[in-house]
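**Q** Spelled out from the first residue to the last, the chains are:
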Amino acid sequence: MPVRDDTLASLPFFYRLSVEQRRALAQVLDERHLVAGEVIFAEGERASACAFITAGTVHAEVHAGPGRPRERINSMGAGEIFGEVALLDGGRRSATCVAGDDGAVVALLSRADFTLLFEAGSPFAFAMVRLITRQLARRMQNAANVWSEAVRVADSDPPKG
Amino acid sequence: MTSDGREFLSRVPLLRHLTPDELGRLTRAMYRRSLRAGERLAELGSPGTDAYIVREGSVLLELPLAGGATRTVARMGPGTVVGEVGLVEPSPRTLRIGADLGAEVYVIDGQRFGVLCDTDDPGAHKLLRAIALTLCDRLRQTTTRLQDELQSDDSGQREQVAVGLSDPIGVDRPWDRLKRLFGRSS
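Which chain is which? The protein sequence lines are A and B, in order.
Under the numbering used here, the final residue of the first sequence carries the number 794; numbering is consecutive throughout.
Under the numbering used here, the final residue of the second sequence carries the number 189; numbering is consecutive throughout.
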């Protein structure tokens with residue numbers, strides 16, 4: 634189901650788009666209404682779309698080992714995006730995303746549609762690339778800092794024996 | 004930029020999707036710099052806004068350790084790109100960057116690159132997309148290693164990693180912080 638233009642207009646990420654750009658985007662987004670606990674993306678599956686939350690809450694959870702419940706690692710609300718790395722890289726999902734207690738409404742953007750928008754020079758697609766790259770850079774920065782600390786700890790406290 | 008320089012840059016993997024016109028505009032955000040043996044491009048913790056494409060020689064990525072020791076993390080040769088995280092998200096350098104036995108690099112000026120991005124330049128965004136894919140690979144590898152650790156019963160190993168990784172917020176344990184860092188790379 635296409636997304637209503639006024640729904641997109643209410644989300645911060647789409648403020649910069651012209652009315653024409655927003656309407657064109659609304660036509661390629663696929664709106665899904667989810668009941669509580671319904672899985673949107675499953676950990677390990679091949680990723681082919683990202684999702685914008687237009688209402689409700691979505692939880693990200695990861696497998697925590699055989700016989701153990703999934704661990705919740707993040708919760709997101711209206712206006713937030715998840716699974717966006719899939720727009721650039723069709724790898725496997727690293728988390729399961731499920732609708733919260735009151736359900737959720739999400740708008741899915743496929744990688745194929747995103748690629749067409751990018752190649753056509755869409756300002757929205759460019760803005761998405763900037764957003765995704767910045768998010769990845771922050772995660773990489775954090776990972777590098779944690780790794781550096783671990784190396785320093787190991788260096789100052791070498792294994793005994 | 005000489006035609007020889009443009010020819011070299013067109014063969015750099017991170018720039019291979021750019022058209023000649025797009026590459027031409029991007030080169031206006033670059034300049035060439037020569038480095039003597041051991042000369043530094045960036046110190047650990049210094050503000051990072053530029054990226055470097057190695058033209059000749061090699062560039063070392065190093066982590067300074069206690070007591071003046073250094074761990075060499077990588078030696079980057081011609082055609083590789085270094086410091087690209089700073090280009091995307093200005094931030095303190097997480098490693099020291101310097102020449103090994105002398106090097107020639109192209110500096111991508113972060114400020115001028117930012118202007119290209121702000122004007123929706125297609126070539127700048129193709130480079131950003133290529134950088135993002137590189138970061139995806141690196142983060143996915145790290146996530147896999149982290150999840151292996153989470154599913155491991157070797158709690159002693161977890162504690163060893165956790166020692167010294169104090170959380171600035173002080174709310175949760177360092178291992179929980181690690182999980183948060185990698186949790187949303189879906």
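Since the hints were made in silico from the structure, they are not lab data.
Check the hints yourself; a few may be wrong.
Unchecked claim - Simulated restraints, written as ranges between beta carbons of each label pair: (1) R771(A) with R74(B): 46 to 52 Å; (2) E704(A) with T5(B): 52 to 58 Å; (3) N778(A) with S37(B): 28 to 34 Å.
Stated by the list, open to error - One side of the interface only, derived from the structure: several residues of chain B facing chain A at Cβ under 10 Å: (4) M4; (5) D7; (6) E10; (7) D24; (8) V76; (9) V91; (10) V118; (11) C120; (12) H128; (13) R132; (14) L142.
As the structure is a prediction and not an experimental result, all values here were calculated from the model.
Even for Gly, the Cβ is constructed at its ideal location relative to N, Cα and C.
**Q** Hints first: check each against the structure and report whether it holds.
**A** A quick look at each hint next to the structure:
1. R771(A) with R74(B): 46 to 52 Å: Roughly 24 Å apart at Cβ, these two residues miss the hinted range, so it is violated.
2. E704(A) with T5(B): 52 to 58 Å: Hint holds: Cβ distance 55 Å, inside 52 to 58 Å.
3. N778(A) with S37(B): 28 to 34 Å: holds (31 Å)
4. M4: Constraint on M4(B) not satisfied, violated at 24 Å.
5. D7: At about 30 Å, which exceeds the 10 Å cut-off, the nearest Cβ of chain A leaves the hint on D7(B) violated.
6. E10: violated (25 Å)
7. D24: violated (13 Å)
8. V76: holds (9 Å)
9. V91: holds (4 Å)
10. V118: violated (13 Å)
11. C120: holds (6 Å)
12. H128: Holds. Min distance 5 Å.
13. R132: Holds - the Cβ of R132(B) comes within 10 Å of chain A, reaching about 5 Å at its closest.
14. L142: holds (6 Å)
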